[in-house]
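A.B. asks: Below, each chain spelled out in residue letters.
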Amino acid sequence: MSAKSMSTESMSAKGSSSVTVNLKVNNKAVTETCAANTTLDELLREQLGLSGTHIGCDTSQCGSCTVHFDGRAVKACTLLVAQCEGAEITTIEGLGTADNLHPMQAAFRECHGLQCGFCTPGMIMAAVDLVHQEETLDEQKIRKGLEGNICRCTGYHNIVRAVATAAKKMRN
Amino acid sequence: MYNFNYHRPTSIDEAVKQYDEAEDGQYLAGGHTLIPTMKQRLSAPTDLIDLSGIKAMQGITRSDDGAEKMLQIGALARHEEVASSPIVKSMVPVLSALAGGIGDAQVRNRGTLGGSVANCDPAADYPAAVLGLNAQLVTNRRSLDAEQFFMGMFETALDEGELLTSVHFPRPEAAAYVKFPNPASRYALVGLLVAKTNDGVRVAVTGAAPAVFRAAAMEAALTDDFSVSALDSILLPAGDMNSDMHASAEYRAHLCTVMAQRAVAAIVAQDQARARQVTSEVTSESTS
Amino acid sequence: MVEQTIGKSVQRKEDLRFITGKGRYTDDINLPGQAYAVFVRSAVAHAKIKSIDSSEAESFPGVRAVLTGGQVADDGLGSLPCGWMLHSKDGSEMKQPPHPVMAADKVRYVGEPLAMVIAETRKIAKDAAELVAVDYEELPATAMVNQAQEGAQIHAEAPHNICYEWELGDQEATEAAIASAAHVTRYSLVNNRLIPNAMEPRAALADYNPGSDELTLYTTSQNPHLARLILTAFVQLAPEHKLRIIAPDVGGGFGSKIFVYSEETALAWAAKKLGMAIKWTAERSESFLADAHGRDHVTEAELALDGTGHFLALRVKTTANMGAYLSTFASAVPTYLYGTLLAGQYKTPNIYVEVDAVFTNTAPVDAYRGAGRPEATYVLERIVNLAAVELNIDPVELRRRNLIQPGDFPYQTPVALEYDTGDYEASLNKALERAGYADFSSRQEEARSRGKLRGIGVSCYIEACGLAPSRMAGSLGAGVGLWESGEVRVNPTGSVTVLTGTHSHGQGHETTFAQLVASKFGISVDDVEVVHGDTGKLDFGLGTYGSRSLAVGGSALSKAADKVIEKGYKIAAHLLETERDKIDFDDGEFRVRDSNQSKTFQEIAFAAYVPHDYPSEELEPGLSEKAFYDPVNFTYPAGTHICEVEIDPETGKVEVVRFTVVDDFGTIINPMIVEGQVHGGVAQGLGQALLENCVYDEAGQLQTGSYMDYAMPRADDLPAFSVDTTVTPCTHNPVGAKGCGEAGTIGSPPAVINAITQALGIRDISMPATPEKVWRALGAGRAHV
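Chains as they are written, first to last, in our numbering: chain A, 1 to 172; chain B, 1 to 288; chain C, 1 to 785.
Treat the hints with care, since some could be wrong.
Said to hold, decoys possible - The calculated label-pair distances, taken between Cβ atoms and stated as ranges, are: (1) B/G152 with A/V30: 37 to 45 Å; (2) C/E397 with B/P86: 35 to 43 Å; (3) C/A73 with B/D244: 35 to 43 Å; (4) B/G200 with A/E134: 36 to 44 Å; (5) C/V531 with B/F154: 51 to 59 Å; (6) C/A73 with B/R41: 24 to 32 Å.
Stated by the list, open to error - 27 Å max Cα-Cα, derived DSS-like pairs, lysine-lysine: (7) A/K141 with C/K452; (8) A/K169 with C/K13; (9) B/K89 with A/K144; (10) A/K144 with C/K452; (11) A/K24 with B/K39; (12) C/K626 with C/K570; (13) C/K8 with C/K559; (14) C/K22 with A/K169; (15) C/K559 with C/K582; (16) B/K55 with A/K24; (17) C/K8 with C/K126; (18) B/K39 with C/K653; (19) B/K89 with B/K55; (20) B/K17 with B/K196; (21) A/K169 with C/K626; (22) B/K69 with B/K17; (23) A/K144 with C/K653; (24) C/K273 with A/K144; (25) C/K582 with A/K141; (26) C/K13 with C/K626; (27) A/K168 with C/K8; (28) C/K582 with C/K626.
What the hints contain is simulated information worked out from the structure, not anything from laboratory work. Only a predicted model underlies this, so the values are computations on that prediction, with no experimental measurement involved. Virtual Cβ for every residue (Gly too), placed ideally from N, Cα, C.
Work the whole structure out from these sequences, hints included.
C.D. replies: Rendered as structure tokens:
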């Protein structure tokens, strides 16, 4: 297997090793040109400076990089930027701000649903989608629904409480 | 991940042409196997042909296929789409349940039926449904029986460049899928799909061996007597099964029996519930 | 009056930035013009490096440099040291072979760094790293701990791969007691190897300014000062005053970020050598290969009892895996943090422990949450349980018979420690009640009716925390003191900046320490800011590990705050024209006793910085005090864990259905944070007992190198936890705190295994108790053969 360097050929019928993609990130229109092998997490962190989306593994297992793609939770490490043409991406920075927290963010703080904070943005984004998708949530559904996110600090006990608390608020 | 040329065709023909012209092309559906593999540099295609713009490969419909109504699912249908589709729920509810248990929520929001089936991972869930429900696999060139399709570990009957475009599922009388997940990856350590179909009882096993297979001994036993106890003495040969640090072949063989029994129990319960429903409908009609 | 917050679950000050994506972890920091490093790692477990050809990589477009282990050696960089000298039984020093920053002549584990590629982008560096051609002369690998002494020799300095053969306790008395005992329980066990897996992979960003000769290293460290000391004094990377180490937000550590590793060191060296900023961020696969692993013991133990079920003696023989090199604290973990804990909560008069530490061709093994104490607790709480079964005594009753009683303190154990205080039976009783222990059989019956096997297991743990009294540590071979520093800077407006030498990577120090200091001054928690993790900002500190931060670091802050108050009294006395002894300080006010005259804390602060009316002859202006605190003893948190499991006999799957913990952590500042620490600790303990296992094959290749194969506990693997406390304050530190970070991991594994073995009616099952192992234990495997 030989290494191949990046190049910035222009778009042609033969496809292109660089892509220009139009998407919305946190409600702002973004047009970015990047190498075709750029993943969404790299775009967010390195080109857009949105460092709240974290990278915790390289096998699409840990969920630290979870963002919303057209409103649904996805792992940004497993999406090419090229696949995001026309997409609306929401990251933790777009969910709520310090003076206007999303109920899920508030509940994580209130219930001590985080410790080191590294898995937290992905966990919150996954949890928001979970609440949107499930009409009713109990402890078991929450635990199952967060299967795609690993936390090493909390033992999940307080994360589960936080999601249940936020779900009530989000539905009111 | 090495770089590659990115293509986004809008038709099947265009996609196939781009594949054929590429030095070492790969079709990209949901990308949830391919992208991690490329990130680990275990796969290095020169060209990625992103199928997501091809309308003809999308959608979930009910089609009349001769005398039989078939559930027709575009290869690009995402797991979540299959899991939540009212058509799937009404026609082949087992498929909806199976799709709702693949990977995790984020994976289900991106991964596709076609990607999973064409990849033929020995521990993937969908192949059990395709084989167990006797689905037809439609490509840009032909239609294949499930029996013909799965050849081995990561190996299918698809020719170079041949593109799986949709999968057609006949409606089973009843079916259930039960898996025992690998505690680390959450893939199926073993997964058993048991179905009562037009052409008899079918049992498909995933996770246990290099590729999905039908358990003939179980099918025969269940044909004679569709009950949990019919499988009590049936143990699939461990010699054909995978053995790794997560589970020995012997344990996988044992789990196959347990999971099959649970699937049968689920079907029996469904049958009973349906019977009760019919009875109560009849009763309510007669009393009203 | 400001609300008093000690003992209250104040919401965490640090959370707002984390929940909004504004945390600042090492990989989030970027410097203009920075380059990126990727390490070339050994693909084999044991080999001579015949040659490294980096020419193709060097000429790859965008590559700035390729540096090898040979260049590290040429530059005279020192070896990465182990900070704790152990002596063998025969008095000889442990074997401490050189631990090169990057391998030059020989590689000794898969993943060992041997070269680094520095390039304009991560991707270029990664592409070019593949072009570095390493020619190995492979040697036989010694990967398994139980074969280490017969295996191929890894270091010239260490025949039979033995690092040391250590002992503690009275061998003769112990053996005599065992020989004459009414009953002896014997137990052989493996304590499974684990990979810590903090969710933030290790990362570093090094920057060098040739104009000032300053070298700055941002890194994922639990103890930046210690890292600086080691890099300066041992590795000779840079003079201490020219090296600044910053550990910003750190995403979990659990011990794995205590150590001074090759990659961070090489990065700092390269930045200085090349005069540029360079960043490295581990991919998870690198974390699996090259973070220090934990546990990995093989042990045989004997517990002797008299005819009435009282413990007479415990003898333990352990082989502990050090991995390929001695990591920073590796030698102390299976000795001073293990052998000394074998008395547990019991009055066992005779204890003798031997530990052989061995090298293998695997990643270095060092402290992982609990560090030695989980291993000790596992030996003890399993063998006590086995003894109870063998003697047909209820396991709780057997424990109760042997517990150290409140009247026995201070209690000198036969393995060096002197416990200061505790009430073990109180925790046990409270846990039994919370767990519904008395009603277990009805739940067991009910489970049986559903075809499930239900079991209950108890574990009573003790730990030695608050590392550590420096004199004691020094006499045991530690290379550093283990005190802590604290500084309390009162700003002119009365807000307070607190600096601590400890480090928080999830434990909530910004809140707990703020509560501690705010309560001293009677000010709001919001008016206290905690600063840590930057050698450029604060005095020397020893960092965070061994559940020491509040017990030692908090004590230093408490002392510093007392000094501030003492100075405040003098200023107030001057301003209020009275004597110091006539003033009381309470609720943030200095009041003249029996009068209505007072000055607020803020007024005193202002006067100290604007000293127009000030006792300048006696006092310096300003209001900022430092303190160093060196504990006089360890602290001894203790408690009881009770696990209840339900087993599916058809599949062997174990479900933890209840988990109850009652701990005595002494004084608690923030119960919410303490409970969170217990939850997380228990989760890691349940992970060890049921899921996690680091596996190398015989060739030394890591088989569990990703989350696809290394089973991490996920939300649906775990139950909700029932957590409570009892309190006997620590007698010898000013806070009364004992530490809570590791207890969950220490107490839980034996409780789980005790529950499983009870449910199955079997003697033993090894960790992790996977479904297949349980199924085989049920005899189902044999039925099918």
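A.B. asks: Does each hint hold? Answer for all of them.
C.D. replies: Structure-based check of all given hints:
At roughly 44 Å, the beta-carbon separation of B/G152 and A/V30 lies within the given 37 to 45 Å, and the hint holds. In this structure, C/E397 and B/P86 break the distance hint of 35 to 43 Å, their C-beta atoms being roughly 60 Å apart. Take C/A73 and B/D244: their Cβ atoms lie about 41 Å apart, and the range 35 to 43 Å holds. Here the CB-CB span from B/G200 to A/E134 is close to 37 Å, well matched to the stated 36 to 44 Å.
At roughly 53 Å, the beta carbons of C/V531 and B/F154 sit within the given window of 51 to 59 Å. Checked against the hint of 24 to 32 Å, the pair C/A73 and B/R41 passes, with Cβ atoms roughly 30 Å apart. With a C-alpha separation of about 22 Å, the suggested pairing of A/K141 with C/K452 holds against the 27 Å cut-off. Note on A/K169 and C/K13: the hinted pairing holds, with a Cα-Cα distance of about 23 Å set against a maximum of 27 Å.
Distance hint between B/K89 and A/K144 is fulfilled; the C-alpha atoms sit about 21 Å from each other, no more than 27 Å. Between A/K144 and C/K452 the alpha-carbon distance is near 22 Å, which keeps this suggested pair within the 27 Å criterion. Distance hint between A/K24 and B/K39 is fulfilled; the C-alpha atoms sit about 25 Å from each other, no more than 27 Å. A C-alpha spacing of about 18 Å is found between C/K626 and C/K570, which places the hinted pair at or below 27 Å, so the restraint holds.
Between C/K8 and C/K559 the CA atoms are separated by roughly 22 Å; this keeps the pair inside 27 Å, and the hint holds. Taken as a hint, the C/K22 and A/K169 pair is honoured in the structure, with Cα atoms around 24 Å apart against an allowance of 27 Å. Taking the CA atoms of C/K559 and C/K582, the gap is about 22 Å. The hint holds against a cut of 27 Å. Straight-line distance between C-alpha atoms of B/K55 and A/K24 comes to about 23 Å, which keeps the hinted pair within the 27 Å bound.
Restraint check for C/K8 and C/K126: not satisfied, since their Cα atoms lie roughly 49 Å apart, outside the 27 Å limit. For the given pair, B/K39 sits about 33 Å from C/K653 by alpha-carbon distance, which is inconsistent with the 27 Å threshold. Using a Cα cut-off of 27 Å, the hinted pair B/K89 and B/K55 holds, with the two alpha carbons roughly 23 Å apart. For the given pair, B/K17 sits about 41 Å from B/K196 by alpha-carbon distance, which is inconsistent with the 27 Å threshold.
Between A/K169 and C/K626 the CA atoms are separated by roughly 46 Å; this puts the pair beyond 27 Å, and the hint is violated. For the given pair, B/K69 sits about 33 Å from B/K17 by alpha-carbon distance, which is inconsistent with the 27 Å threshold. With a C-alpha separation of about 17 Å, the suggested pairing of A/K144 with C/K653 holds against the 27 Å cut-off. A threshold of 27 Å between alpha carbons decides the hint, and for C/K273 with A/K144 the separation of about 50 Å lies outside it, so the pair is violated.
For a cut-off of 27 Å, the pair hint linking C/K582 to A/K141 is broken: about 63 Å separates their Cα positions. Between C/K13 and C/K626, the direct Cα distance comes to roughly 23 Å. Compliance with the 27 Å bound is thereby established for this hinted pair. A threshold of 27 Å between alpha carbons decides the hint, and for A/K168 with C/K8 the separation of about 25 Å falls inside it, so the pair holds. Taken as a hint, the C/K582 and C/K626 pair is honoured in the structure, with Cα atoms around 26 Å apart against an allowance of 27 Å.
Hint compliance for this structure: hints 2, 17, 18, 20, 21, 22, 24 and 25 are not met, and every other hint is.
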